[in-house]
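S.K.: Please put together the full structure from these sequences, using the hints given.
4 protein chains.
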Amino acid sequence: MSNPIDDLLRQLRQFRDERDWAQFHNPKDLALALSIEAAELNEVFLWKKPEDADPARVREELADVLLYAFQLADKYNWDIPELMREKMARNAEKHPVRRAADLP
Amino acid sequence: MSNPIDDLLRQLRQFRDERDWAQFHNPKDLALALSIEAAELNEVFLWKKPEDADPARVREELADVLLYAFQLADKYNWDIPELMREKMARNAEKHPVRRAADLP
Amino acid sequence: MSNPIDDLLRQLRQFRDERDWAQFHNPKDLALALSIEAAELNEVFLWKKPEDADPARVREELADVLLYAFQLADKYNWDIPELMREKMARNAEKHPVRRAADLP
Amino acid sequence: MSNPIDDLLRQLRQFRDERDWAQFHNPKDLALALSIEAAELNEVFLWKKPEDADPARVREELADVLLYAFQLADKYNWDIPELMREKMARNAEKHPVRRAADLP
Chain G
452 MSNPIDDLLR
462 QLRQFRDERD
472 WAQFHNPKDL
482 ALALSIEAAE
492 LNEVFLWKKP
502 EDADPARVRE
512 ELADVLLYAF
522 QLADKYNWDI
532 PELMREKMAR
542 NAEKHPVRRA
552 ADLP
Chain P
452 MSNPIDDLLR
462 QLRQFRDERD
472 WAQFHNPKDL
482 ALALSIEAAE
492 LNEVFLWKKP
502 EDADPARVRE
512 ELADVLLYAF
522 QLADKYNWDI
532 PELMREKMAR
542 NAEKHPVRRA
552 ADLP
Chain Z
452 MSNPIDDLLR
462 QLRQFRDERD
472 WAQFHNPKDL
482 ALALSIEAAE
492 LNEVFLWKKP
502 EDADPARVRE
512 ELADVLLYAF
522 QLADKYNWDI
532 PELMREKMAR
542 NAEKHPVRRA
552 ADLP
Chain H
452 MSNPIDDLLR
462 QLRQFRDERD
472 WAQFHNPKDL
482 ALALSIEAAE
492 LNEVFLWKKP
502 EDADPARVRE
512 ELADVLLYAF
522 QLADKYNWDI
532 PELMREKMAR
542 NAEKHPVRRA
552 ADLP
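Residue numbers (this note's numbering), protein chains in the order written: chain G, 452 to 555; chain P, 452 to 555; chain Z, 452 to 555; chain H, 452 to 555.
Any given hint might turn out to be false.
Any copy, or any two copies together, can satisfy a pair, since identical chains are not distinguished.
Claimed, not checked - Cross-link-like lysine to any residue pairs, in silico, SDA-like; alpha carbons within 20 Å at most: (1) Lys538 with Ile456; (2) Lys538 with Phe521; (3) Lys499 with Glu512; (4) Lys500 with Leu463; (5) Lys526 with Asp515; (6) Lys526 with Asp457; (7) Lys526 with Leu460; (8) Lys545 with Asp457; (9) Lys499 with Arg541; (10) Lys538 with Asp525; (11) Lys500 with Asn477; (12) Lys500 with Val548; (13) Lys500 with Ala540; (14) Lys545 with Leu463; (15) Lys545 with Asp515.
Since the hints were derived computationally from the structure, they do not count as laboratory data. As the structure is a computational prediction, the values presented were derived from the model and not from experiment.
M.R.: In C-alpha cells:
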C-alpha cells in the first residue's frame, strides 16, 4: 500500500534524476527557489482584493511552492507530516488558546 | 481510516478556530505569511555554504512554510496531492527529458 | 538646484499619475511589489555561483527594487538619505566594531 | 562638494570594512539579504489594512532594504540614480501612457 506523499516524492526524485538536476539541488538553492515561487504566488494577489485573484493561477503557484518544499524536506530525509505536527505542537505552546484577540 | 494530510488539515482548522483567527486568514494574507516564512527559511542559509546551515532551524522554518501552504490550499478546498500531481505533469511538458544540460 | 533623488521622485510621481496608478499604490501593496521584485532579483542568481549571474539582469531587477523602495518612502513623505543614515546609526549600535568574527 | 548617495556609500563601505564583512558580501548573498529584509517589511503589514501598519517599523525595515540595495549596486560599481533612470525609461516603453485602466 502506498501513501500520496511517498508517491509524490518518488515522482519528484524521478523527475529530477531524468533531467540530471540533482547537481543543482543543494538545500540553499532549493530554499531560494521556494521563496521565488512564493513571490510568484504573491504576485497573483498584487494590487488586488483577496477575492479578485485568479484561483487557477493561485493553484499553480502554490503547487510550485509545495513541490520545492517537499523536495527540500526530502533532501534532509525528513518525514513531512511529522515535521508539520512537531511545529504545530510548538505553535500551540507559543499561542495558547484563549488569546483570541491577539494577532495570529 | 484517516490519511496524514487530512489529519493535519483537521488540526490546523481546529487550531485556527480555537483562536478565532479565521477572520485574518484571507488568501492574500495567507500567501503573504507563507512568503515571510520562506524568507525566514532563507535566512538560515544567509552568508553560509549550503551545508553549514543548521538543520534544526531549516526544519522548523520549512514546517512554517508548509503549514501556511496547507492552509491556503484548504481555504480553496483543494486536494493537495492532486494539485501537486497536476503541476508536475505540466512541468514535465515544459521540461521534456533529454535536455539534461539545461538549468532547472 | 536639484538633487538626483528629488529628480527621481518627481519622475516617479509623474509616471504614476499619467497612468492613474495612485489608486493601487497603498503602502501594503507597494511593499508587496518591492518583495516580488526582490525575488526576481534573486532568481538571477538561482542555481548559480554568485559570479555567474548576468550583471545586466541584476542591474534591471535591482532597479525595480529601488524604484518601489523610493515610491514607498515617498508615500510616507520620508527623506530617503535621512532614514538610511538613521538606520546605519542603529546598526552601528547593534554591531559594535571589534566583533569582526561575527556573522553580519 | 559631496552628494548624499556618495556619502551613504562611503559610510556603508567603512561600516563593512571595520567589521571585516566584505568576505560575506558576494552579490548572491547580498541579494538574498535584501529579499529577507523585504519580507520583514511585508511582515509589518501582515494581517492588517495598509493604514494600520506601524510607520516607525515600516521606516526601519525599508531602510534595511535600501541599505542592501545600495551595497549591491556598489558591489558592481554602478551609479544608482543612473540605473534607476534607465529602468524608468524602459518601464515607460512597456507601459505607454493612456492605458490608465490597466493594472500597474
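S.K.: Reference check for the pair Lys526 and Asp515, CA-CA at most 20 Å: within, between, both, or neither?
M.R.: both (17 Å within a copy, 17 Å between copies)
S.K.: If the cutoff is 20 Å on CA atoms, where do Lys545 and Asp515 land: within, between, both or neither? Let me know, please.
M.R.: between (29 Å within a copy, 13 Å between copies)
S.K.: Are the CA atoms of Lys545 and Leu463 at most 20 Å apart within a copy, between copies, both, or neither?
M.R.: between (34 Å within a copy, 15 Å between copies)
S.K.: From the Cα coordinates, with 20 Å as the cut-off, is the pair Lys499 and Arg541 best called within, between, both, or neither?
M.R.: neither (33 Å within a copy, 24 Å between copies)
S.K.: Reference check for the pair Lys500 and Val548, CA-CA at most 20 Å: within, between, both, or neither?
M.R.: neither (30 Å within a copy, 25 Å between copies)
S.K.: Within a copy, between copies, both or neither: where do Lys526 and Asp457 come within 20 Å Cα-Cα?
M.R.: within (14 Å within a copy, 24 Å between copies)
S.K.: Cα distance capped at 20 Å. Does Lys500 pair with Asn477 within a copy, between copies, both, or neither?
M.R.: Classified as between: cross-chain Cα gap 10 Å, same-chain 36 Å, threshold 20 Å.
S.K.: Is it within a copy, between copies, both, or neither that the alpha carbon of Lys526 lies no farther than 20 Å from that of Leu460?
M.R.: Result: close within a single copy only, 10 Å intra versus 24 Å inter.
S.K.: Between Lys538 and Phe521, at a C-alpha cutoff of 20 Å, which is it: within one copy, between copies, both, or neither?
M.R.: both (16 Å within a copy, 13 Å between copies)
S.K.: Regarding Lys500 and Leu463, is the shortest C-alpha distance of 20 Å or less found within a copy, between copies, in both, or in neither?
M.R.: neither (34 Å within a copy, 24 Å between copies)
S.K.: Taking 20 Å as the upper bound on the Cα-Cα distance, should Lys538 and Ile456 be classified as within, between, both, or neither?
M.R.: both (18 Å within a copy, 15 Å between copies)
S.K.: As a check of your reading, is Lys500 near Ala540 (CA-CA no more than 20 Å) within one copy, between copies, both or neither?
M.R.: Close neither inside one copy (32 Å) nor across copies (29 Å); limit 20 Å.
Checked against the numbered hints given earlier, the structure breaks hints 4, 8, 9, 12, 13 and satisfies all the rest.
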